[in-house]
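Make a model of the complete structure from these sequences and hints.
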Amino acid sequence: MAKMEVAPFRPWDDFCPGADRFAKPDFGDLAKWNNRVISNLLYYQTNYFTVAIVVFLIVGFLNPLGMFLGGAVVSIVFMGSVWAGENKNFIKNFKKKNPTLFVIAVMGTSYFLLALCGGVMVFIFGITFPLLLILVHASLRLRSMKNRLENKIEGVGMKKSPMGFILDLLDQQEEKVNKIQDFLESKLNK
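Going by numbering that gives the first Met the number 0, 137 is the number at position 138 of the sequence shown; the sequence numbering is gapless.
By construction, these hints were calculated from the structure, which means they are not laboratory data.
Please read these numbers as outputs of a predicted model, since none were measured by experiment.
A few of these clues could be false.
[Unchecked claim] Derived CB-CB ranges, DEER-like: (1) Asp13 x Gly79: 35 to 45 Å; (2) Lys2 x Ala83: 22 to 32 Å; (3) Trp32 x Ile165: 15 to 25 Å.
Yeah, the Cβ is synthetic: ideal placement off N, Cα and C, and Gly gets one too.
Below, the structure written as structure tokens:
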């Protein structure tokens, strides 16, 4: 297994180029849209983490206790969901077939727990807003050849990154690896 590597920070003109490198996703082809999002999450991961940290810090300065509480609740719910997904077959199948609904369920559960504690607005702006920004960018940004090449390298397992680790926890990488492995095996067996 490859050691964990942090992806390089992509230049601003690559991360947010002109409007010609953005397009509305094909809502009719969910597999293609999901592939675009995952590819962009892997390729621009350092930029996305930076955006999330900046928004997180801004909200954290405005309400540090609420931000700490929100981060703790979401982390606990996420870890509990991943543990349950690995140990309970029903949840594992649900997570694999409906990854978006799984993430929405984690966020909804976090929202409910925070509503009980009174930190709803901090949760919405400090944690959910960066996720929304990241998912919108990842959905709209078209992939480049360099992006596709980097994703193939990570998909084969030659390189591992923090976002790849998170996507593995959400069962979003396994299908790509299986497709690449099947392709390589078919070429080797000829």
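(message) When the structure is checked against the list of hints, which entries are broken? Sort them ascending.
(response) Going through the list in order, the structure violates no hint and respects every one.
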